[in-house]
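Asks: Numbering follows this note's numbering, in which position 89 of the sequence shown is assigned residue number 188; successive positions increment by one, without gaps.
Hints in this document: simulated from the structure, not taken from any laboratory.
Please note that a few of the clues may not be correct.
[As the list claims (entries may be wrong)] Ranges between beta-carbon positions, derived for each pair:
#	residue 1	residue 2	range
1	L198	D147	19 to 25 Å
2	E169	A213	43 to 49 Å
3	H240	M179	25 to 31 Å
4	K172	L242	18 to 24 Å
5	D129	V190	19 to 25 Å
6	A225	K188	44 to 50 Å
7	Y178	R135	20 to 26 Å
8	G245	S149	25 to 31 Å
Every residue, glycine too, gets a C-beta built ideally from N, C-alpha and C.
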Amino acid sequence: MKKIISVFLTLVLAGTFVFAQNNNQNRHGDWRERVRAEQVAFITNELDLSESEAQAFWPVYNDVQKQRREAFKATGEAYMNLQKGVDDKDVDKLLDKYLAAKKASEKVEADAVARYKKVLPVSKVAKLLMAEEKFRQNQIHRLGQGRGPGFPGQQPQTNAPSTK
């Protein structure tokens, strides 16, 4: 029963991502949405959430993901501006902005764990962190093998990479 609920929630969340897309969205945006849907399915499978856990967890997780994207964007912009710095006065200010963006990104991660602990048992919070890293490594492996969801003719894969 728990698996059926997990699969149902996964499909609902994946459907939400798909319907939230703009019709004019380019292929790059489609690729991101497919990866997000795969990530939701992967995390759902790894955590084996109960219905009540899932209802409390997914809104928090989605908010944390939004904060992560914003922090990543701010860090990237600060880095790009730092590369463009011309004189020492500009570089000093830009360096401060970059370091502040990095600190803000680290704070998002620390706050995320605290927020997850409010809605999940600590053992599942640990599983979540491991699942996120495992998913990231799977994605890197797939891209290295030319099997990522952005490659024409390739089907998305959510299980662990094979060892050939």
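Asks: In ascending order, which of the hints set out earlier in this document are inconsistent with the structure?
Replies: 1, 2, 5, 8
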